[in-house]
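In terms of UniProt numbering, the sequence shown opens at residue 1 and continues consecutively.
Worth flagging that the hints you see were computed from the coordinates, not collected in a lab.
As the structure is a computational prediction, the values presented were derived from the model and not from experiment.
Hints may contain errors.
Claimed, not checked - As a list, the in silico DSSO-like pairs of lysine-lysine whose alpha-carbon atoms are at most 27 Å apart: (1) K94 <-> K208; (2) K233 <-> K94; (3) K94 <-> K230; (4) K59 <-> K208; (5) K59 <-> K233.
Claimed, not checked - Estimated spans, in silico, between C-beta atoms of each pair: (6) R119 <-> G85: 18 to 24 Å; (7) L66 <-> A92: 36 to 42 Å; (8) T167 <-> A124: 18 to 24 Å; (9) N252 <-> R119: 28 to 34 Å; (10) N34 <-> S123: 54 to 60 Å; (11) N252 <-> I44: 25 to 31 Å; (12) C37 <-> P172: 38 to 44 Å; (13) N34 <-> P237: 41 to 47 Å; (14) A160 <-> T218: 39 to 45 Å.
Cβ atoms here follow ideal geometry from the backbone N, Cα and C, with glycine treated the same way.
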Amino acid sequence: MKLSAVAVVLFALQATVAVVQSTAPGTLTVGYYNDKCNRCVEGIVRDTVRAAIEADSTKGAALIRLLFHDCFVRANLPGSTFEVGKLISNFAAKGFTPEEVVILSGAHSVGRAHCSSFRDRLSAPSTEINPYFRDSVLHKYCGAGPADPVLENNIRDQNATALGNLTSFVVPANGGDLLDNSYYHNNLNNLVLFHSDWVLVGSSATLKHVHEYADNGTLWNLDFADALVKLSKLAMPPGSTGEIRKTCRATN
Numbered sequence: 001m002k003l004s005a006v007a008v009v010l011f012a013l014q015a016t017v018a019v020v021q022s023t024a025p026g027t028l029t030v031g032y033y034n035d036k037c038n039r040c041v042e043g044i045v046r047d048t049v050r051a052a053i054e055a056d057s058t059k060g061a062a063l064i065r066l067l068f069h070d071c072f073v074r075a076n077l078p079g080s081t082f083e084v085g086k087l088i089s090n091f092a093a094k095g096f097t098p099e100e101v102v103i104l105s106g107a108h109s110v111g112r113a114h115c116s117s118f119r120d121r122l123s124a125p126s127t128e129i130n131p132y133f134r135d136s137v138l139h140k141y142c143g144a145g146p147a148d149p150v151l152e153n154n155i156r157d158q159n160a161t162a163l164g165n166l167t168s169f170v171v172p173a174n175g176g177d178l179l180d181n182s183y184y185h186n187n188l189n190n191l192v193l194f195h196s197d198w199v200l201v202g203s204s205a206t207l208k209h210v211h212e213y214a215d216n217g218t219l220w221n222l223d224f225a226d227a228l229v230k231l232s233k234l235a236m237p238p239g240s241t242g243e244i245r246k247t248c249r250a251t252n
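Kindly generate the complete structure, drawing on both the sequences and the hints.
Rendered as structure tokens:
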């Protein structure tokens, strides 16, 4: 995840640093701190996040995951085994369209997953997953080493030797930018980890958008930024005032 993609993450993160009470409680406004300190808060966030991601590219995927899980706070988080109907209804409850489900799923072009989250794919039929990928990559990797090892979401970032001839399907990172539309190419080739990813190509409501973003990476960059900002503005559950978490992975 290099700087052009980092901007997407920063855009959403910057929107979370300013809370305005004068108009509507909880309203987020970029620039709120401009006259309150010598240096804009958004700039501090941008520079800090950029430095962290340049030092360790996995931090970008971690921040996206944190933002997603925090904004779906105390909700029924979409599961990796969801069928497309449940996936769409889960997001619709938060005001997202089927197209936005496809857009946000593109974040799986980066990051890693535990074998336990896609173990069902080890027995999926060949119509749903490339059989070599299933048998010679996922089976071998998840059956060795630790009880629940992690694997990169994107075949581009997986061990090239293990992939064998599947390397011909790898979409190279454009200028080293790892957060890109390669997810959609992988999905159309049945080379994704999660069942909830694959179902997007099995429904007419979502397949057209998978094709759309596979064909136009620039459009996905723009739409992903908009969807991520929309996600960051989701309201807290009724009656909740929020909390400072002791651990970021769970409510107190």
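Here's how the hints hold up against the structure:
Under the criterion of a C-alpha separation no larger than 27 Å, the hint pairing K94 with K208 is consistent with the structure, at around 22 Å. For the given pair, K233 sits about 11 Å from K94 by alpha-carbon distance, which is consistent with the 27 Å threshold. For the hint pairing K94 with K230, the CA-to-CA distance comes to about 10 Å; that is within 27 Å, so the pair holds. Restraint check: the Cα-Cα separation between K59 and K208 comes to about 31 Å, which exceeds 27 Å; the hinted pair is violated.
At most 27 Å may separate the alpha-carbon atoms for a hinted pair to count; K59 and K233 meet this at roughly 22 Å. With their beta carbons about 22 Å apart, R119 and G85 fall inside the hinted range of 18 to 24 Å. The beta-carbon spacing between L66 and A92, approximately 23 Å, falls outside the hinted interval of 36 to 42 Å. In this structure, T167 and A124 meet the distance hint of 18 to 24 Å, their C-beta atoms being roughly 22 Å apart.
Separated by about 30 Å at the C-beta atoms, N252 and R119 satisfy the suggested range of 28 to 34 Å. For N34 and S123, the Cβ-Cβ distance of about 55 Å falls inside the hinted range of 54 to 60 Å, so the restraint holds. At about 27 Å, the CB distance of N252 to I44 agrees with the hint of 25 to 31 Å. The given range of 38 to 44 Å is respected by C37 and P172, whose C-beta atoms sit roughly 42 Å from each other.
The hinted window of 41 to 47 Å between N34 and P237 is violated, with their beta carbons roughly 31 Å apart. Between A160 and T218, the C-beta spacing of about 27 Å breaks the proposed range 39 to 45 Å.
When the structure is compared with the earlier hints, violations turn up for hints 4, 7, 13, 14 and for no others.
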